[in-house]
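Protein chains in written order, with the numbering used here: chain A, 337 to 524; chain B, 337 to 524.
Watch out, some of these pointers could steer you wrong.
Identical chains blur together in the list; that is why a pair holds if it fits in one copy or across any two.
With a straight-line Cα cutoff of 25 Å, these simulated PhoX-like cross-link-like pairs (lysine-lysine) come out [claimed, not checked]:
id: 1; residue 1: 518; residue 2: 428
id: 2; residue 1: 350; residue 2: 387
id: 3; residue 1: 387; residue 2: 491
id: 4; residue 1: 428; residue 2: 491
id: 5; residue 1: 457; residue 2: 491
id: 6; residue 1: 457; residue 2: 387
id: 7; residue 1: 428; residue 2: 387
id: 8; residue 1: 428; residue 2: 350
It should be emphasised that the hints constitute simulated quantities derived from the structure, not laboratory data.
There are 2 protein chains.
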Amino acid sequence: MGRWEPDARGRLTKAALELYSERGYEQTTVAEIARRAGLTERTFFRHYADKREVLFVGASSMEELFVQAVAGAPESAAPIDAIAAGLEAVSKVFAGRHEHSRQRQAVIAANAELQERELIKLASISAALADTLRRRGVAEPAASLTAEVGVAVFKVGFERWITASEERELSQLMRESLDELKAVTASS
Amino acid sequence: MGRWEPDARGRLTKAALELYSERGYEQTTVAEIARRAGLTERTFFRHYADKREVLFVGASSMEELFVQAVAGAPESAAPIDAIAAGLEAVSKVFAGRHEHSRQRQAVIAANAELQERELIKLASISAALADTLRRRGVAEPAASLTAEVGVAVFKVGFERWITASEERELSQLMRESLDELKAVTASS
DNA sequence: CTACGTGATGACAGCGACTGACATCGAATG
DNA sequence: CATTCGATGTCAGTCGCTGTCATCACGTAG
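Build the full structure now, drawing on both the sequences and the hints.
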């Protein structure tokens with residue numbers, strides 16, 4: 337047996353999510369999280385840059401996945417179709433995580449600081465997507481606009497998935513949202 | 337003469353903007369801002385909810401203006417055209433404020449916390465726009481999507497205005513961005 | 001087998017953002 | 001003139017977060 341119990345990071349993550357759910361984000365101190373995990377406050381900050389990051393561990397891998405899917409779309413695909421491929425790929429990650437996602441969004445929705453953090457993660461995705469589209473030869477401002485549209489569709493589709501009374505396929509909601517967006521922006 | 341110098345809030349605002357520009361946001365303490373304004377730290381927090389809000393005083397009035405313009409668009413106007421009217425109205429506010437806007441964006445661009453705050457202000461605008469569109473009879477998810485598109489066009493248009501080598505009309509950049517977005521989302 | 005380096009953690013002090021509670025005092029009000 | 005009120009000051013305290021140094025099981029070289 338090692339000097340310490342294994343998986344300190346995992347214990348911190350679990351403790352944080354539990355406490356945020358039980359009594360809310362603001363009412364939880366980092367010292368409490370660390371204590372529940374059998375560690376010290378200082379150690380928490382060695383694993384997470386700040387109190388909010390615990391809720392966003394998956395963000396970077398999701399960004400990567402999104403970007404890879406867009407980059408891997410057929411060269412012939414229009415920018416918006418490459419983005420659609422990215423949405424499709426990202427949707428699959430959430431399969432079987434509906435309840436977990438719902439709880440997490442509830443925590444975030446209850447606190448402005450957390451919403452800010454979520455928004456900047458989405459903005460980071462948008463910037464990465466714009467970059468990817470530019471590499472595909474898309475000029476500005478088309479690249480940035482298409483990327484922003486992709487994130488907007490993700491937000492709306494995800495929101496509908498979370499709040500839907502009966503569970504539906506996330507990827508289908510994404511496709512519907514994208515179609516709706518196309519309809520709404522169609523010139524008359 | 338009153339017990340105190342007048343316009344405490346104005347002095348705080350000025351001091352904060354100066355210090356954020358001179359040495360950066362993070363390197364400035366609230367105590368320093370207050371001292372330069374001839375006040376105490378506690379008084380700063382009576383005027384501003386936090387250290388970031390100083391940079392976002394105009395946000396709520398801009399949201400109001402945007403919403404009013406959308407609400408006031410002809411009933412016959414399509415949602416996207418109502419949003420276009422809002423973008424037109426908002427653009428006018430920035431007339432003659434190019435240099436000021438540029439400086440402000442430079443401060444924000446240098447700090448992630450400030451970007452987070454800006455993003456949540458834009459998200460608030462998006463939510464208000466969606467609400468306004470719903471009142472105009474637009475169903476979901478069209479209302480949310482159109483609102484998100486409006487904010488996306490604003491972001492891209494504004495960015496182009498700020499970084500343009502030669503100064504151009506903001507409202508024209510907004511129109512161009514909207515047209516580009518329409519082109520990019522047009523089904524083939 | 002021993003010495004040494006390494007990596008994860010603890011312990012502790014300190015800064016700065018932010019808050020609550022109470023005191024102060026000029027000005028408006030009657 | 002007495003009272004109330006509003007804006008500010010004062011002070012103590014919490015909490016997020018950081019820098020620094022100590023500790024000690026573990027692996028590894030000799």
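Indices of hints not satisfied (ascending): 7
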